[in-house]
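**Student:** Read top to bottom, the protein sequences are chains E, Z, C and L. Each residue of the first sequence is one higher than the last, beginning at 0 in numbering that gives the first Met the number 0. Each residue of the second sequence is one higher than the last, beginning at 0 in numbering that gives the first Met the number 0. Each residue of the third sequence is one higher than the last, beginning at 0 in numbering that gives the first Met the number 0. Each residue of the fourth sequence is one higher than the last, beginning at 0 in numbering that gives the first Met the number 0.
Treat the hints with caution; some may be incorrect.
Calculated pairs, EDC-like style, for lysine to aspartate or glutamate (alpha carbon to alpha carbon, straight line, at most 20 Å) [said to hold, decoys possible]:
1. C:K2 x Z:D185
2. Z:K117 x E:E43
3. Z:K216 x E:E43
So the derived label-pair ranges between C-beta atoms look like this [unchecked claim]:
4. C:R99 x Z:R241: 26 to 32 Å
5. Z:S133 x C:R10: 49 to 55 Å
6. Z:L239 x L:V94: 54 to 60 Å
7. Z:E84 x E:P487: 51 to 57 Å
8. L:G97 x E:P125: 29 to 35 Å
9. Z:R241 x E:L80: 50 to 56 Å
10. Z:E5 x C:P17: 18 to 24 Å
11. C:D94 x L:V94: 36 to 42 Å
12. Z:E5 x C:R10: 48 to 54 Å
If you want the footprint, here are the derived chain L segments under chain C, 3+ residues with CB under 8 Å [unchecked claim]:
13. 19 to 30
14. 33 to 45
15. 56 to 69
16. 87 to 98
17. 106 to 113
Don't read these hints as lab results, they were simulated from the structure. As the structure is a computational prediction, the values presented were derived from the model and not from experiment. Every residue, glycine too, gets a C-beta built ideally from N, C-alpha and C.
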Amino acid sequence: MQGYARAAALCVLGGANAMNQQQADIVIVGGGGAGLRAAIAAAESNPGLDILLLSKVYPMRSHTVAAEGGCAGVIQAHDSLDAHFDDTVAGGDWLCDQDVVDYFVRHATEENLRLEHWGCPWSRKPDGSINVRAFGGMQIERTWFAADKTGFHILHTLFQTSLKYPGIRRCDEYFCTDLLVEDGHCAGLLAIDMRSGEQTLIAASAVILATGGAARVYRYNTNGGIVTGDGMALAYRQGVPLRDMEFVQYHPTGLPGSGILITEAARGEGGVLTNREGYRYLQDYGLGPETPPGQPQNKQMELGPRDRLSQAFWHEEQAGRTVATERGAAVHLDLRHLGEQHIQERLPFIRDLARTYINVDAVHEPIPVRPTAHYTMGGIQTDRHTATCLPGLYAVGECASVGLHGANRLGSNSLAELSVFGRLAGEQAAERAAQGLAVDPQRLRPQAEAQAAEREALRRANGPERLAVLRDEMAGAMEAGIGIFRVPAQMTATVEKIAELKARYQQLGLKDGSHAFNTEWLQAIELGFLLDVAEAMSHAALARQESRGSHQRPEDFPARNDALFLRHSLARQQQGGATEVSWQDVVITRSAPGERHYGGKATGEAGR
Amino acid sequence: MSDTIELAVTRYRPEQDTQPWEQRYTVPCSDDMSVLDALNYIKDALDPSLSHRWSCRMAICGSCGVMVNGEPKLSCKTFLRDYREAGVLEVRALDNLPVERDLVADISGVVEHIEAVKPWLIRHSEPPVDTAHSQTPAQMARYHAFSQCINCALCYAACPQFGRNPAFLGPAALTLAQRYNLDSRDEGSSERMPWLNAEEGVWSCTFVGYCSEVCPKDVDPASAINRGKVASDINYGVNLFRLLRGKGDA
Amino acid sequence: MRKPWQPQQPRNWWLRNPAYRRYMLREATALPLLLYTLLLLAGIVQFSRGEAAFATWLSWLQTPAGLLLQGIALAAALLHAVTWVALVPKILVIDSDRLRIDPRHVLRAHQLGALAGNLGLIVATLWLLWPTGGA
Amino acid sequence: MRRSHEPISWSLFGAGGMLLAFIGPGLIVSTLLLAWLVQDPQALYATLHSGLQHPLVRLATLAVIALPLYHTAHRLYHGLHDLHITGPTWLLGGVFYGGATALSALCAFWLFTL
Numbered sequence: 000m001q002g003y004a005r006a007a008a009l010c011v012l013g014g015a016n017a018m019n020q021q022q023a024d025i026v027i028v029g030g031g032g033a034g035l036r037a038a039i040a041a042a043e044s045n046p047g048l049d050i051l052l053l054s055k056v057y058p059m060r061s062h063t064v065a066a067e068g069g070c071a072g073v074i075q076a077h078d079s080l081d082a083h084f085d086d087t088v089a090g091g092d093w094l095c096d097q098d099v100v101d102y103f104v105r106h107a108t109e110e111n112l113r114l115e116h117w118g119c120p121w122s123r124k125p126d127g128s129i130n131v132r133a134f135g136g137m138q139i140e141r142t143w144f145a146a147d148k149t150g151f152h153i154l155h156t157l158f159q160t161s162l163k164y165p166g167i168r169r170c171d172e173y174f175c176t177d178l179l180v181e182d183g184h185c186a187g188l189l190a191i192d193m194r195s196g197e198q199t200l201i202a203a204s205a206v207i208l209a210t211g212g213a214a215r216v217y218r219y220n221t222n223g224g225i226v227t228g229d230g231m232a233l234a235y236r237q238g239v240p241l242r243d244m245e246f247v248q249y250h251p252t253g254l255p256g257s258g259i260l261i262t263e264a265a266r267g268e269g270g271v272l273t274n275r276e277g278y279r280y281l282q283d284y285g286l287g288p289e290t291p292p293g294q295p296q297n298k299q300m301e302l303g304p305r306d307r308l309s310q311a312f313w314h315e316e317q318a319g320r321t322v323a324t325e326r327g328a329a330v331h332l333d334l335r336h337l338g339e340q341h342i343q344e345r346l347p348f349i350r351d352l353a354r355t356y357i358n359v360d361a362v363h364e365p366i367p368v369r370p371t372a373h374y375t376m377g378g379i380q381t382d383r384h385t386a387t388c389l390p391g392l393y394a395v396g397e398c399a400s401v402g403l404h405g406a407n408r409l410g411s412n413s414l415a416e417l418s419v420f421g422r423l424a425g426e427q428a429a430e431r432a433a434q435g436l437a438v439d440p441q442r443l444r445p446q447a448e449a450q451a452a453e454r455e456a457l458r459r460a461n462g463p464e465r466l467a468v469l470r471d472e473m474a475g476a477m478e479a480g481i482g483i484f485r486v487p488a489q490m491t492a493t494v495e496k497i498a499e500l501k502a503r504y505q506q507l508g509l510k511d512g513s514h515a516f517n518t519e520w521l522q523a524i525e526l527g528f529l530l531d532v533a534e535a536m537s538h539a540a541l542a543r544q545e546s547r548g549s550h551q552r553p554e555d556f557p558a559r560n561d562a563l564f565l566r567h568s569l570a571r572q573q574q575g576g577a578t579e580v581s582w583q584d585v586v587i588t589r590s591a592p593g594e595r596h597y598g599g600k601a602t603g604e605a606g607r
Numbered sequence: 000m001s002d003t004i005e006l007a008v009t010r011y012r013p014e015q016d017t018q019p020w021e022q023r024y025t026v027p028c029s030d031d032m033s034v035l036d037a038l039n040y041i042k043d044a045l046d047p048s049l050s051h052r053w054s055c056r057m058a059i060c061g062s063c064g065v066m067v068n069g070e071p072k073l074s075c076k077t078f079l080r081d082y083r084e085a086g087v088l089e090v091r092a093l094d095n096l097p098v099e100r101d102l103v104a105d106i107s108g109v110v111e112h113i114e115a116v117k118p119w120l121i122r123h124s125e126p127p128v129d130t131a132h133s134q135t136p137a138q139m140a141r142y143h144a145f146s147q148c149i150n151c152a153l154c155y156a157a158c159p160q161f162g163r164n165p166a167f168l169g170p171a172a173l174t175l176a177q178r179y180n181l182d183s184r185d186e187g188s189s190e191r192m193p194w195l196n197a198e199e200g201v202w203s204c205t206f207v208g209y210c211s212e213v214c215p216k217d218v219d220p221a222s223a224i225n226r227g228k229v230a231s232d233i234n235y236g237v238n239l240f241r242l243l244r245g246k247g248d249a
Numbered sequence: 000m001r002k003p004w005q006p007q008q009p010r011n012w013w014l015r016n017p018a019y020r021r022y023m024l025r026e027a028t029a030l031p032l033l034l035y036t037l038l039l040l041a042g043i044v045q046f047s048r049g050e051a052a053f054a055t056w057l058s059w060l061q062t063p064a065g066l067l068l069q070g071i072a073l074a075a076a077l078l079h080a081v082t083w084v085a086l087v088p089k090i091l092v093i094d095s096d097r098l099r100i101d102p103r104h105v106l107r108a109h110q111l112g113a114l115a116g117n118l119g120l121i122v123a124t125l126w127l128l129w130p131t132g133g134a
Numbered sequence: 000m001r002r003s004h005e006p007i008s009w010s011l012f013g014a015g016g017m018l019l020a021f022i023g024p025g026l027i028v029s030t031l032l033l034a035w036l037v038q039d040p041q042a043l044y045a046t047l048h049s050g051l052q053h054p055l056v057r058l059a060t061l062a063v064i065a066l067p068l069y070h071t072a073h074r075l076y077h078g079l080h081d082l083h084i085t086g087p088t089w090l091l092g093g094v095f096y097g098g099a100t101a102l103s104a105l106c107a108f109w110l111f112t113l
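Pulled out of the complex, with its shape left as it was, chain E reads as follows (with noise of 0.2 Å):
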C-alpha cells in the first residue's frame, strides 16, 4: 500500500492546476450513432466549422455497436408512413410527441438510404433491392437489418464516413466531467484526457450532448459497462430537466445472468417463447391467437411490444411456470425449427453468444432467455429539433427524451433515431455556431477550475465508502424498486436507498491516487452520474401514479389514467440538491388515445 501513498503525494506535488484549454465550434459528447452522425451533419452544412468529437471511448467501442436487430424506415409498397405513425404511437402507450413522430417516421427511410450510400451493408434480397424484417409492435415489415449486427454496421460505417471530413476532429478518450455554462448559455465542458489524467477546458458555440443510455443503473441489463448516463446527469446538475425517467425498457430476452441481448429479430424471423412445460404462454397475455412456428404474424404473440412480452415473464415467473437455470429463472426462446441454414444466414452473431455465454448451440437446442433492464425511453428533455432549454446545449439518441418513444420503444425505432435526429441536433448546432456565440475559453476559466478541483478531491478521496459497494446497492436496488412491475413499498425504499447512496457518496475512498488512465477515479465520476440518474428514473417513478407502458403499477394503480398522466414527466434537480417533478404536456396531433391492440385485435386496428 506504500505505492499509493506515494502516488497521493506526487499529485499534490503535481498540482490540480495545469489545465488544458480547447476551443471549438461546435462539441459533441459521445461517438456513437447519435454523435458521428451530428458531427458529419454538421460538418455537412458548414464544411468551415470547427466540430470537436470528444468520447471516453473510441468512438467504434460506443454501445450503438451493440445493437443487432434493425432499424425502422418505411420502404415497402404497401407500408405507409401513417402505418409507422401509428404503430410507434400506439407502442408509447400515447405518451409520443405526435409532431416528433411524424418528423421520424417520414425521414427514417431517407437516413437508412443515406446510410446505405455511405456503405452500410444493409441485407439483401436475391435482386440486389434492400430486404425488411418483422419486428415486435410493426404491423408490416419495415426493420433494415445487417445481418443481426444492424447496430455494429451502422456506427462503424459512420465511424470511417466521418473521417472524410477535414472539419471533424477527435478527442478520443476524453471523459466529459461537467457543462460549463457562462451567461445562461452553455459555453463548454470539462473534460478529463483519461491517458494523462489531465484536465481540459473546451470551449464551444455549442455543445452536442449524445452519451447514450443509462441501464447500468440496474443489476441485470444488456448494456455494456459505459452506459452510464453521463450526458443526463450532466444536463441534469446544470438544472435542465430529465423527461419520462420512469419509463425503462426491459427487453424480453436477455441471457440470463450476464444480461447479454438476444435480438428481438430472433423472434421477428419467428423463434418462439415457451415456458417450462414448452407451452407459449403469451397467448395467455392479449397476444393470441397461438401463430405456427417460423411464420410470425405481425403484433402477435413474440411481435407483441417488449413491455408486455417483459410483464408476461414476470406473470410466468410468479406462477412458478419458468425455467430453472443456474443463472436464474428463464424462458425458452427456441429457434430450432428455423433450420441451421436460416439461423447462420439470419442470426449468425446470436448463434455465437449463446455458443460462447451459455454453451448453447440455438439449432439444436433452445435458449434460455429472461428480461433485462435495455433501454431508457426517458432521457434530456429536449424540444423538437433537438434543442434543450439551456441555450447551446443540444442532446440527441438514447440519452435525449425527443418525445419519440413515449411510455415504451418499439424496437428499431432508436437506430432510426440516432440518424434523423442526429443529423437534426447536428444542423442545429452548426447554425448556432454559425452565429459566433463562443465565449472566451480564459471567461470559463475560474468556474472550470473550481470544478476541476472537485474532480482532483475525489480522486484523492480517503472516505470509508468502497465504490463497488455503493454499486451494487445501487443497482440492487433499482431492481427491486423500479424495476418490470413496481411496488409502491419497494419503489419507496428505492427513493430513500438512492438518497442514503448519495450521502455516502460523499464519503467514497479511492485507493488510486494516479492520473494516468485511472479507472477507478473514471468510474467514480460515473457511479456520481448513474446516482443522480437513479434519482431522477425513481422520483418519476414515484410520481407517476398509473400503469402507463414500461411503467406498471399493478398494486396500487394498475389502469392507464390519461385524465391526469397523459403527460410528460419531468425531474429538475433544484438548486440545493432536492428532485422536483412537474409535468408538460403530450402534443397530440391526429392520434387521440385509444386501447393498444396486439395479438387477434391487432388485425381490426391495422386497417387504420
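Once you have looked at the hints, place chains Z, C and L on chain E.
**Tutor:** Positioned in the frame of chain E, the structure of chains Z, C and L alone reads:
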C-alpha cells in the same frame, strides 16, 4: 465455489514504475467466468488500482483485448475454465503496442493506420437521395467477412511484422481498404491503391497468418492482405505499362 | 503525464509462440531448397562440361552428404508444398460478377495439381531410367 | 506513400513457390532415384542431351533453377529481417536477389551454350 485460479497480471503504472512487473491475484473460478469477469473481480474486490478497458462484454465493441498466456484474446470471450489445467493465467497488455498503463495498450497508432486508407465509400457521383444502390447477396458476400472487423487490434498484437515496424499499416487497416475496394458500390480503389502499394502497405506482410488465427470475428485479414498483394501486383504491372507508354504515375 | 512503456520486439520473438515457430519453420524450408537448387545448378554445369563430369555429379548425389542434403530438402519440399497449397485459396480468389470459383475448388485443384505434378515427375524419371538403367 | 518495387520479387517468389509445390518433392525424389538406380550414366547423358536440344526444354530447365532461386532468396532475405539481422538494403538485396539473378544468368548461359 472454493474453486480458484491464479492470475499473473503484468502491471505498469507510469507514475510509479520504470518498467512492467508482475502481480499475482487469486480469483474465484467458475465455468461461466470470463477473463474479463476475473479482471473486474480484481478491480472491485482486490485491487481497484488495476486498469483495463472493457464495455460490451459480448465480443462486439473490441475494447478488452489482452494477451492471455501469450495469445491475443478478447478477455470477454476467453474463459477461465479453459485454463484450469494450466493453473496460472498470465495476462498482459496487447503485444507490439505501447503500454499506457497496466492492461491498457495505446492503440492510437492503429487507429491512425485505419484512418489513413480512406475507409469510406468513394463515389464519383452521389445517387439520388431516395434510391439505394443495388447490391446482390453474392456481391455483398465478396466483402462481407472483411466488414466484420471490430478494430480490437488483436491482429496487431499477433503480427510480428507490425511489432518489427510500427509504420506497417497492419492487418485491420489493410483489410478495411480491401473491404471497400471489393464493395460493388465503391469507385475509390485507385485512391486506396497507393497505400496498399507502399512498402508499409501490403508489402510488409510475410503471411505469418497468425492475425487470422487470433481474429475473434473470423475476418481473415491475412487473406485480405495477400489478395491485396495480387491487386498491387497487377497495379504495378499496369503502371509499368503506362510508364512505358509515357503516361505513368510513379 | 503520459509515459507509455515502449515494448521492443525481442530478437527471439519467434520462439515464444507455436504459431511463430511454425511460420519460421515454413520460411526455413527455403535454406535446404536453395542448397538443393544449387546442387541442381551444379548438375547443369557438370552436364555442360561433358559426359564424364556429369557422371561425377551423379556420384556426388550418392555421397552421404549428397543424400543428406536431398533428404532434408525432400522434407522441406514436402512441408513447403503442403503449406503453400493450403494458402493458395486465401490469395488466389476468383470472385467477380462474371466468374466465381468456390475457394474449396481452388484448393482441391491445387492439391490435385501438386499431386499430379510430383507423381508425374517421379513416374517420368522411372520411365527415363528404365531403358538406360538395369532392366 | 512511395510505391514499393516488391511486386517484382514477389511475383518471382510466387512463381517459384508454386513450381516447388508442384514439382519440388517429385524432383528431389527423382534425383534420389537417379543416385540409386542409374547404371549407365552415358546413356542417361545421351538421353538428356537429346532432350535438351529442344529450346522449350532448355527454357523449362532454366525455370526449374531460376524460379526456386528467386523463391528461396526472397524468403531468406525476409528471414534475415525477421531475425533482426540488418544491413544496408543495397547490400542484402544485392546478395540475395542479385545472387539469384547472377546464378540464373549463368544457368541460362550454360544451358544455351550446350
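**Student:** Hints first: check each against the structure and report whether it holds.
**Tutor:** Verification of the hints:
1. Our distance criterion of 20 Å between C-alpha atoms is broken by K2 of chain C and D185 of chain Z, whose separation comes to about 41 Å.
2. Only pairs whose Cα atoms come within 20 Å are accepted, and K117 of chain Z paired with E43 of chain E is accepted, the gap being roughly 18 Å.
3. For the hint linking K216 of chain Z to E43 of chain E, the alpha-carbon distance of about 33 Å lies beyond 20 Å, and the restraint is violated.
4. Range check, R99 of chain C to R241 of chain Z: Cβ separation about 29 Å, and the 26 to 32 Å hint holds.
5. Roughly 53 Å separates the CB atoms of S133 of chain Z and R10 of chain C, a value that falls within the hinted 49 to 55 Å.
6. The hinted window of 54 to 60 Å between L239 of chain Z and V94 of chain L is violated, with their beta carbons roughly 25 Å apart.
7. A C-beta distance of roughly 53 Å is found between E84 of chain Z and P487 of chain E, which places it inside the suggested range of 51 to 57 Å.
8. At about 55 Å, the CB distance of G97 of chain L to P125 of chain E disagrees with the hint of 29 to 35 Å.
9. Distance hint for R241 of chain Z and L80 of chain E: a CB-CB separation of about 52 Å, consistent with the stated range 50 to 56 Å.
10. At about 23 Å, the CB distance of E5 of chain Z to P17 of chain C agrees with the hint of 18 to 24 Å.
11. Take D94 of chain C and V94 of chain L: their Cβ atoms lie about 39 Å apart, and the range 36 to 42 Å holds.
12. Remark: the range hint 48 to 54 Å for E5 of chain Z to R10 of chain C is contradicted by a beta-carbon distance near 30 Å.
13. Closer than 8 Å: that is the beta-carbon criterion, and the region 19 to 30 of chain L has 12 residues meeting it against chain C, so the requirement of 3 holds.
14. Against chain C, the region 33 to 45 of chain L contributes 12 residues with a C-beta closer than 8 Å to a partner C-beta. That satisfies the three-residue criterion, and the hint holds.
15. Only residues whose C-beta sits within less than 8 Å of a C-beta in chain C count toward coverage, and the region 56 to 69 of chain L has 5 of them, enough to reach three; the restraint holds.
16. Using a Cβ-Cβ cut-off of 8 Å, 0 residues of the region 87 to 98 of chain L lie near chain C, which falls short of the minimum of three, so the contact claim is violated.
17. Counting residues of the region 106 to 113 of chain L whose CB falls under 8 Å from any CB of chain C gives 5; the rule of at least 3 is met.
Of the numbered hints listed earlier, those contradicted by the structure are 1, 3, 6, 8, 12, 16.
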